[in-house]
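Protein chains: 2
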Amino acid sequence: MEQTVIRKLNHDCSISTYSLEDYMNIVKDFHGSVAPGLLIGGFMMNLALKNLPSGGFFDSICETRTCLPDVVQLLTPCTIGNGWLKVMDFSRFALCLYDKSTGNGVRVFLDPPKIEAWSEIKNWFFKLKTKKEQSYDLLIEQIQQAGEGLCSVQKIKISPSLLEHKSHGSTIAVCTSCGEAYKIKNGTLCPACRDGAPYAEQGGPL
Amino acid sequence: MEQTVIRKLNHDCSISTYSLEDYMNIVKDFHGSVAPGLLIGGFMMNLALKNLPSGGFFDSICETRTCLPDVVQLLTPCTIGNGWLKVMDFSRFALCLYDKSTGNGVRVFLDPPKIEAWSEIKNWFFKLKTKKEQSYDLLIEQIQQAGEGLCSVQKIKISPSLLEHKSHGSTIAVCTSCGEAYKIKNGTLCPACRDGAPYAEQGGPL
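Residue numbers (this note's numbering), protein chains in the order written: chain A, 1 to 206; chain B, 1 to 206.
Hints are supplied without guarantee of correctness; some may be wrong.
Okay, derived cross-link-like pairs now, EDC-like style, lysine to aspartate or glutamate, Cα gap no bigger than 20 Å in a straight line [as the list claims (entries may be wrong)]:
| no. | chain 1 | residue 1 | chain 2 | residue 2 |
| --- | --- | --- | --- | --- |
| 1 | B | Lys157 | A | Glu201 |
| 2 | A | Lys28 | B | Asp29 |
| 3 | A | Lys86 | B | Glu201 |
| 4 | B | Lys183 | A | Glu201 |
| 5 | B | Lys185 | A | Asp89 |
| 6 | B | Lys28 | A | Asp29 |
| 7 | A | Lys86 | B | Asp89 |
| 8 | B | Lys86 | A | Asp195 |
| 9 | A | Lys50 | B | Glu201 |
| 10 | A | Lys183 | B | Asp89 |
| 11 | B | Lys157 | A | Asp195 |
| 12 | B | Lys50 | A | Glu201 |
| 13 | B | Lys100 | A | Glu201 |
| 14 | A | Lys100 | B | Glu201 |
| 15 | A | Lys155 | B | Glu201 |
| 16 | A | Lys157 | B | Glu201 |
| 17 | A | Lys157 | B | Glu164 |
| 18 | B | Lys183 | A | Asp89 |
| 19 | A | Lys183 | B | Glu116 |
| 20 | B | Lys155 | A | Glu201 |
| 21 | B | Lys183 | A | Glu120 |
| 22 | A | Lys86 | B | Asp195 |
| 23 | B | Lys86 | A | Asp89 |
| 24 | A | Lys185 | B | Asp89 |
| 25 | A | Lys183 | B | Glu120 |
Each pair of labels, with its calculated beta carbon distance range [stated by the list, open to error]:
| no. | chain 1 | residue 1 | chain 2 | residue 2 | range |
| --- | --- | --- | --- | --- | --- |
| 26 | B | Gln202 | A | Leu206 | 48 to 56 Å |
| 27 | A | Asp22 | B | Ser135 | 39 to 47 Å |
| 28 | B | Glu201 | A | Gly204 | 54 to 62 Å |
| 29 | A | Asp22 | B | Ser16 | 20 to 28 Å |
| 30 | B | His165 | A | Ser19 | 35 to 43 Å |
| 31 | A | Pro53 | B | Gly32 | 18 to 26 Å |
| 32 | B | Ser119 | A | Thr176 | 34 to 42 Å |
| 33 | B | Pro205 | A | Ser177 | 54 to 62 Å |
| 34 | B | Tyr136 | A | Leu138 | 49 to 57 Å |
| 35 | A | Thr188 | B | Ser33 | 29 to 37 Å |
| 36 | B | Ser16 | A | Leu189 | 29 to 37 Å |
| 37 | A | Glu164 | B | Ser16 | 32 to 40 Å |
| 38 | B | Ser177 | A | Leu189 | 52 to 60 Å |
| 39 | A | Glu164 | B | Lys127 | 17 to 25 Å |
Since the hints were derived computationally from the structure, they do not count as laboratory data.
Every residue gets a Cβ at the ideal spot worked out from N, C-alpha and C, and that includes glycine.
Given these sequences and hints, build the entire structure.
In structure tokens form, the structure reads like this:
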């Protein structure tokens with residue numbers, strides 16, 4: 001990884017069960033770079049885990065597609081493919097963890113007034129400077145210094161409709177157009193044949 | 001992990017750069033279990049990688065939310081959080097890898113006629129037996145035996161609209177209702193305040 005400096009901090013600088021350095025290494029391996037959002041996300045997860053009711057099985061929601069889903073996938077058992085992480089793109093830098101049977105949980109979000117004291121975090125988050133004008137090192141240093149202090153936490157109750165058990169009884173049919181299998185809901189065409197897919201098949205050898 | 005038997009196979013039984021055993025271990029760590037879909041997905045990825053034009057930087061699409069996104073995240077640099085993996089839920093067990101500049105790529109899908117010869121794969125995929133009635137061991141054994149033979153591959157060209165470079169110039173505003181930051185598109189409310197979020201804030205101590 002890049003030699004990102006880890007500063008001496010006054011606060012707890014571990015992320016979940018990892019040292020800050022180890023966390024930045026697993027982030028680099030999975031995400032491809034130590035993006036600032038993954039570092040902030042690590043501190044957000046610390047705050048969520050501290051405030052989560054103990055026991056129970058937890059599902060998660062990310063309110064943005066950017067960066068945060070990878071934090072949740074790295075630090076919890078929730079992934080996109082196992083269905084325990086949902087991305088609901090509300091364009092907010094926030095994550096929710098909740099008990100999947102009761103709906104009780106916590107929501108942690110990056111809180112704009114708390115960014116005010118940190119010039120480079122503000123420049124980055126509100127896009128007040130171009131990427132070229134920003135200092136990555138200063139940004140990472142400020143995030144490490146600020147840590148959980150950038151975020152606020154709320155107690156939430158998830159809507160019952162989101163907690164309903166997924167139906168495993170759905171019927172699988174073969175689409176009459178493409179010949180592939182899909183979960184039948186309406187009609188005899190899969191969603192791609194019904195509504196269109198964003199690609200065209202090309203002829204010629206592979 | 002569970003002692004899932006790995007059979008002696010007539011075909012190449014590695015998944016990407018992993019031995020079958022190592023792949024099943026990383027699947028278990030990330031996804032929580034060696035789900036049949038992740039094993040099939042591994043062979044699908046083998047087929048995709050073999051047929052991918054060399055060079056270039058590749059983005060990916062999963063046509064289902066189930067299992068396959070985790071295969072892509074484990075075996076390629078593409079993740080949900082870095083934006084190189086998109087999930088487009090067409091309810092088809094298929095994945096696409098494509099050059100992000102030209103749009104040229106491959107699509108691999110689980111091909112129903114190719115499942116016919118494998119009784120337990122058919123029972124599982126088409127939900128002809130309940131989970132309790134299925135034999136997990138037989139299912140995994142049949143998937144290992146069948147391997148890439150369950151899938152077909154197509155040459156595709158991605159639509160230009162999907163290749164357009166994401167705008168990094170979007171303006172970040174603070175929502176006039178919740179006070180959180182969001183990418184402004186229409187109006188002064190973030191999408192959650194405008195359209196509703198699937199949770200309510202609860203009072204009382206955290």
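These are the hints, each one checked on the structure:
1. Of the supplied pair hints, the one linking Lys157 (chain B) and Glu201 (chain A) holds, its CA atoms being roughly 6 Å apart against a limit of 20 Å.
2. Annotation: proposed proximity of Lys28 (chain A) to Asp29 (chain B) holds, straight-line Cα distance about 18 Å (limit 20 Å).
3. At most 20 Å may separate the alpha-carbon atoms for a hinted pair to count; Lys86 (chain A) and Glu201 (chain B) meet this at roughly 19 Å.
4. Under the criterion of a C-alpha separation no larger than 20 Å, the hint pairing Lys183 (chain B) with Glu201 (chain A) is inconsistent with the structure, at around 35 Å.
5. Distance hint between Lys185 (chain B) and Asp89 (chain A) is fulfilled; the C-alpha atoms sit about 13 Å from each other, no more than 20 Å.
6. Pair hint Lys28 (chain B) plus Asp29 (chain A) holds up; C-alpha atoms about 18 Å apart against a cutoff of 20 Å.
7. In summary, the hint linking Lys86 (chain A) to Asp89 (chain B) is supported, as the alpha carbons are separated by about 13 Å, within the 20 Å threshold.
8. Of the pairs offered as hints, the one joining Lys86 (chain B) and Asp195 (chain A) holds, with about 17 Å between alpha carbons and a cut-off of 20 Å not exceeded.
9. Distance restraint check for Lys50 (chain A) and Glu201 (chain B): the Cα-Cα separation of roughly 18 Å lies within the 20 Å cut-off, and the hinted pair is therefore satisfied.
10. Under the criterion of a C-alpha separation no larger than 20 Å, the hint pairing Lys183 (chain A) with Asp89 (chain B) is consistent with the structure, at around 11 Å.
11. The hinted pair formed by Lys157 (chain B) and Asp195 (chain A) meets the criterion: a straight-line CA distance of about 18 Å does not exceed 20 Å.
12. Taking the CA atoms of Lys50 (chain B) and Glu201 (chain A), the gap is about 18 Å. The hint holds against a cut of 20 Å.
13. Between Lys100 (chain B) and Glu201 (chain A) the CA atoms are separated by roughly 16 Å; this keeps the pair inside 20 Å, and the hint holds.
14. A C-alpha spacing of about 16 Å is found between Lys100 (chain A) and Glu201 (chain B), which places the hinted pair at or below 20 Å, so the restraint holds.
15. With a C-alpha separation of about 6 Å, the suggested pair Lys155 (chain A) and Glu201 (chain B) falls inside the 20 Å cut-off, and the hint holds.
16. A hinted pair counts as satisfied when its Cα atoms are at most 20 Å apart, and Lys157 (chain A) with Glu201 (chain B) qualifies at roughly 6 Å.
17. Annotation: proposed proximity of Lys157 (chain A) to Glu164 (chain B) is violated, straight-line Cα distance about 38 Å (limit 20 Å).
18. Taking the CA atoms of Lys183 (chain B) and Asp89 (chain A), the gap is about 11 Å. The hint holds against a cut of 20 Å.
19. For the suggested pair Lys183 (chain A) and Glu116 (chain B), the alpha carbons sit about 18 Å apart, so the restraint of at most 20 Å is met.
20. About 6 Å separates the Cα atoms of Lys155 (chain B) and Glu201 (chain A), which keeps this hinted pair within 20 Å; it holds.
21. At roughly 19 Å between alpha-carbon atoms, Lys183 (chain B) and Glu120 (chain A) fall within 20 Å of each other, so this suggested pair holds.
22. At roughly 17 Å between alpha-carbon atoms, Lys86 (chain A) and Asp195 (chain B) fall within 20 Å of each other, so this suggested pair holds.
23. About 13 Å separates the Cα atoms of Lys86 (chain B) and Asp89 (chain A), which keeps this hinted pair within 20 Å; it holds.
24. For a cut-off of 20 Å, the pair hint linking Lys185 (chain A) to Asp89 (chain B) stands: about 13 Å separates their Cα positions.
25. Restraint check for Lys183 (chain A) and Glu120 (chain B): satisfied, since their Cα atoms lie roughly 19 Å apart, inside the 20 Å limit.
26. Between Gln202 (chain B) and Leu206 (chain A) the Cβ separation comes to about 55 Å, which falls inside the hinted range of 48 to 56 Å.
27. For the pair Asp22 (chain A) and Ser135 (chain B), the supplied restraint of 39 to 47 Å holds, since their beta-carbon distance comes to about 40 Å.
28. Taking the beta carbon of each, Glu201 (chain B) and Gly204 (chain A) are about 56 Å apart, inside 54 to 62 Å as hinted.
29. Between Asp22 (chain A) and Ser16 (chain B) the C-beta distance comes to about 25 Å, which sits within the given range of 20 to 28 Å.
30. Range check, His165 (chain B) to Ser19 (chain A): Cβ separation about 36 Å, and the 35 to 43 Å hint holds.
31. Checked against the hint of 18 to 26 Å, the C-beta distance between Pro53 (chain A) and Gly32 (chain B) comes to roughly 21 Å, which is consistent with it.
32. The beta-carbon spacing between Ser119 (chain B) and Thr176 (chain A), approximately 25 Å, falls outside the hinted interval of 34 to 42 Å.
33. At about 56 Å, the CB distance of Pro205 (chain B) to Ser177 (chain A) agrees with the hint of 54 to 62 Å.
34. Taken as a hint, the range 49 to 57 Å holds for the pair Tyr136 (chain B) and Leu138 (chain A), whose Cβ atoms sit roughly 52 Å apart.
35. Between Thr188 (chain A) and Ser33 (chain B) the CB atoms are about 33 Å apart, so this pair conforms to the stated range of 29 to 37 Å.
36. Checked against the given bound of 29 to 37 Å, the beta carbons of Ser16 (chain B) and Leu189 (chain A), roughly 33 Å apart, stay inside it.
37. Between Glu164 (chain A) and Ser16 (chain B) the Cβ separation comes to about 36 Å, which falls inside the hinted range of 32 to 40 Å.
38. The given range of 52 to 60 Å is broken by Ser177 (chain B) and Leu189 (chain A), whose C-beta atoms sit roughly 40 Å from each other.
39. One distance hint, 17 to 25 Å for the beta-carbon pair Glu164 (chain A) and Lys127 (chain B), holds here, with the actual separation near 19 Å.
Checked against the numbered hints above, the structure breaks hints 4, 17, 32, 38 and satisfies the rest.
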